[in-house]
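Student: If you want the building blocks of each chain, they are given just below.
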Amino acid sequence: MNLVLPTHAVRVASNVAWRSVALRGWGRLGSAPCQAARPERLREVADALLAEGGRNLIAHGGGRSYGDAGLNGGGAAVLTARLNRMLAFDAETGVLVAEPGVTFADIIAAFLPRGWLPPTPPGTAFATLGGAVANDVHGKNQHAAGCLGHHLEWLDLTLADGTTRRLSPTGDAEAFQATIGGIGLTGIITAVALRLLRVPSNAMVVRRRRIAGLEEYLEAFRTARDASWSVGWIDALAGGATLGRGVLETAEHATESVAIPAAGTRRMPFDAPGFLLNPLSIRAFNAAYWRRVPAGGDEQVMHANRFLFPLDGIGAWNRLYGWRGFHQFQCVLPEAEAPRGLRLLLEAVGQAGAASFLAVLKWMGRPGVGMLSFAQPGFTLALDIPARPASRALLLRLERITRDHGGRIYLAKDSALSPQGMAEMYPRLADFQRVRARLDPQGRLSSDMSRRLGLG
Amino acid sequence: MAAPTETWLVLGGGSTIGRAFAQRAAAAGAAVLVAGRDVAELERSAADLRLRHGVPASAMLFDALDLASHRGFARACAALAQGQLNLLLAFGSMPSQAECDAEPGVARRMVETNVTGAASVLTALAPVLRVQGGGVVVALGSVAGERGRPRNHLYGATKAALAVFLQGYAARHARHGVRVLNILAGPVDTALTWPLPKLPFMASPDDFAAGAWRLARQRSGQAHLPGIWAPVMAAIRAVPDRVFNRLDL
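Protein sequences, first through last, are from chains C and A. Quick note: the first sequence, position 7, residue 7 per our numbering, numbers continuous. Quick note: the second sequence, position 132, residue 132 per our numbering, numbers continuous.
Just chain C, with the same shape it has in the complex (with noise of 0.2 Å):
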């Protein structure tokens, strides 16, 4: 029943519609009011970009970049969480080609019953593909399976005037590798051709063992280099003989299926009142995750959503941080750096009474194909820091250690990364900056971010 019946189409007038909203970051630092267009229909992005009034625009998903990537305060917003249409899948090839709103949980409640699962899963199932390319996002097999941009075949890009270029690693492969990872500055993302990966069931054999610092935990990762899947918590307000402590969780698919957990999730419902959030509870709960896992270590089956999204499992936990908000902080340090380094990151957190609850570390392999992308072989680490007076100094020490050992800062995840760290953690800014130049010559689109950072 695939038949085509209309010898004629009728004409339909597309106007973009648009509002005023505030949107806001995941780490809720602030809100940034902007004119906004929620298209339902391919045409209107293209129409979206030729409003009159030519504003600034930036294309906004599933808001799950934490800083402000996807925010653009005084300028447009174009939403893209309703382009979210599978297009066609080739069981062959495992190409699923989406829309960009399509999120990894949609693909991951129609494919993983059928043995598929997105290549490169976030840590948030709740990422948009748009977004997820623009920001070349990583999972937990980033050591061995790569970002997202290694598993595109294509991508449809439409451009500041209007007009629509399908790029791939043979068609224009410049504008292809600026896009990946190039934050929504290239233009909007209209759809994605994405490689899925085989798997033999809807579940994981999880192992998890307990670290007692940090060099016990880098010699624990390059161990487990081949494991498929692996991640590390850190107890970032562990410090002396136990800095670095954590748990360190590696997986492999289980040839049989689970049954899917029950539906529904908790939810934060309102902003976690300030006085929780103090050293000594966060150090509390962080000291009962350690303790929680046997000394022995222990084996668990699971649901591949529990193992690969364990925080989608509490909505809206971003509240947790209470009404200030949270900056996130996440870089990578080149493997021969990241002893020293990490010491140092772990040192000044825990110096500043910054309270994080865990902290991630995760050992990373290939290189990004994109520009701007953030993986680099090394070891990536991620805190969140409540939003205090004193966080930006903190940011700031943060940001200066990694560049002292070669690192470099995820975009995905920033909020104060200075326009000299920029320019030093990613050398290919100038390229980046002149495939833009060609793809929008009048510098439409443009982002809190991209301004922050003297981008444009």
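The set of hints was computed from the structure by calculation and includes no laboratory data. Wrong hints could be hidden among the right ones.
Unchecked claim - Here are the simulated distance ranges between beta carbons:
1. C:E252 x A:G133: 40 to 46 Å
2. C:E153 x A:D207: 32 to 38 Å
3. C:A91 x A:R175: 43 to 49 Å
4. C:R198 x A:Q218: 39 to 45 Å
5. A:Q82 x C:P261: 30 to 36 Å
6. C:G54 x A:A79: 45 to 51 Å
7. C:G443 x A:A79: 49 to 55 Å
As the list claims (entries may be wrong) - List of simulated lysine to any residue pairs, SDA-like, C-alpha gap at most 20 Å:
8. A:K198 x C:A22
9. A:K198 x A:G156
10. A:K198 x A:A98
11. A:K198 x C:V21
12. A:K198 x C:R24
13. A:K198 x C:R19
14. A:K198 x C:L23
15. A:K198 x C:S20
16. A:K198 x C:S31
17. A:K198 x A:P150
18. A:K198 x C:R82
19. A:K198 x A:P226
20. A:K198 x A:Q97
21. A:K198 x A:L247
22. A:K198 x C:Q35
23. A:K198 x C:W18
24. A:K198 x C:A17
25. A:K198 x C:V16
26. A:K198 x A:P240
Glycine included, every Cβ here is placed at the ideal spot set by N, Cα and C.
Start from chain C and add chain A according to the hints.
Tutor: The following block gives chain A in isolation, referenced to the frame of chain C:
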């Protein structure tokens, strides 16, 4: 996958609610026909329904204003349906009262779409429902049709007309197994309401579609959705004119 036992024809399949309802129906294993004017867009939605839910789904050209096409359209639907054909009438036009006042053509187009077009296509589809021995007809009415307000009384008038048409339609075809439900919808967060100021008790399309799907299984006649609108509208209907006329609603 087993052959579907029912097919939902979504008239206005490109609308926000039409799309959300089609997802519900497909998730329940029904085949879907998404009908509307923008066939290229509808093809994309149909592809999505097939991929996500593994059900048959097709796009069909349908123009409420092209009355002459409605009988042929009804025959095509009958030919494509697997199992029982059921309908969701989800198309409509909702210009502001100010636009209607300024442009008589806009007002006429709305009446022709929401009343004439709706009546015409339902009339054309009635024989199909009767021949198959029944079916469910769900229409998107509106709380705006329960009491005329300064802000949208012509729009409300079209939905009141639709409500009366549906009453008679239900009575006329009930003995042939046709069940009719007019959903008196409150504001939903759709493309139509996007540019409007914030509206009270706004429902998300997904929640609304879930509610509509549940009501479609259980109820006939009229039902408010979200349910909060039943008491709210009872109160609003009870306000005396001399008070109502002083309120700026």
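Student: All hints, please: hold or fail.
Tutor: Each hint, compared with the structure:
Roughly 54 Å separates the CB atoms of E252 of chain C and G133 of chain A, a value that falls outside the hinted 40 to 46 Å. For the hinted restraint 32 to 38 Å between E153 of chain C and D207 of chain A, the CB-CB distance of approximately 35 Å keeps it satisfied. In this structure, A91 of chain C and R175 of chain A meet the distance hint of 43 to 49 Å, their C-beta atoms being roughly 48 Å apart. In this structure the hint that R198 of chain C and Q218 of chain A lie 39 to 45 Å apart at CB holds, the actual value being about 42 Å.
Here the CB-CB span from Q82 of chain A to P261 of chain C is close to 33 Å, well matched to the stated 30 to 36 Å. Checked against the given bound of 45 to 51 Å, the beta carbons of G54 of chain C and A79 of chain A, roughly 49 Å apart, stay inside it. Between G443 of chain C and A79 of chain A the C-beta distance comes to about 53 Å, which sits within the given range of 49 to 55 Å. Restraint check: the Cα-Cα separation between K198 of chain A and A22 of chain C comes to about 13 Å, which is no more than 20 Å; the hinted pair holds.
Between K198 of chain A and G156 of chain A the CA atoms are separated by roughly 19 Å; this keeps the pair inside 20 Å, and the hint holds. At roughly 18 Å between alpha-carbon atoms, K198 of chain A and A98 of chain A fall within 20 Å of each other, so this suggested pair holds. For the suggested pair K198 of chain A and V21 of chain C, the alpha carbons sit about 11 Å apart, so the restraint of at most 20 Å is met. Between K198 of chain A and R24 of chain C the alpha-carbon distance is near 18 Å, which keeps this suggested pair within the 20 Å criterion.
Note on K198 of chain A and R19 of chain C: the hinted pairing holds, with a Cα-Cα distance of about 10 Å set against a maximum of 20 Å. About 16 Å separates the Cα atoms of K198 of chain A and L23 of chain C, which keeps this hinted pair within 20 Å; it holds. With a C-alpha separation of about 11 Å, the suggested pairing of K198 of chain A with S20 of chain C holds against the 20 Å cut-off. Using a Cα cut-off of 20 Å, the hinted pair K198 of chain A and S31 of chain C holds, with the two alpha carbons roughly 18 Å apart.
Annotation: proposed proximity of K198 of chain A to P150 of chain A holds, straight-line Cα distance about 17 Å (limit 20 Å). The straight-line distance between the Cα atoms of K198 of chain A and R82 of chain C is roughly 19 Å, inside the 20 Å bound, and the hint therefore holds. Note on K198 of chain A and P226 of chain A: the hinted pairing holds, with a Cα-Cα distance of about 16 Å set against a maximum of 20 Å. Using a Cα cut-off of 20 Å, the hinted pair K198 of chain A and Q97 of chain A holds, with the two alpha carbons roughly 17 Å apart.
Between the alpha carbons of K198 of chain A and L247 of chain A the distance comes to roughly 18 Å, so the proposed pair stays at or under 20 Å and holds. This hinted pair checks out: K198 of chain A and Q35 of chain C have alpha carbons roughly 15 Å apart, not beyond 20 Å. Under the criterion of a C-alpha separation no larger than 20 Å, the hint pairing K198 of chain A with W18 of chain C is consistent with the structure, at around 13 Å. Annotation: proposed proximity of K198 of chain A to A17 of chain C holds, straight-line Cα distance about 14 Å (limit 20 Å).
Taken as a hint, the K198 of chain A and V16 of chain C pair is honoured in the structure, with Cα atoms around 18 Å apart against an allowance of 20 Å. Our distance criterion of 20 Å between C-alpha atoms is broken by K198 of chain A and P240 of chain A, whose separation comes to about 26 Å.
Going through the hint list in order, the structure does not satisfy hints 1 and 26.
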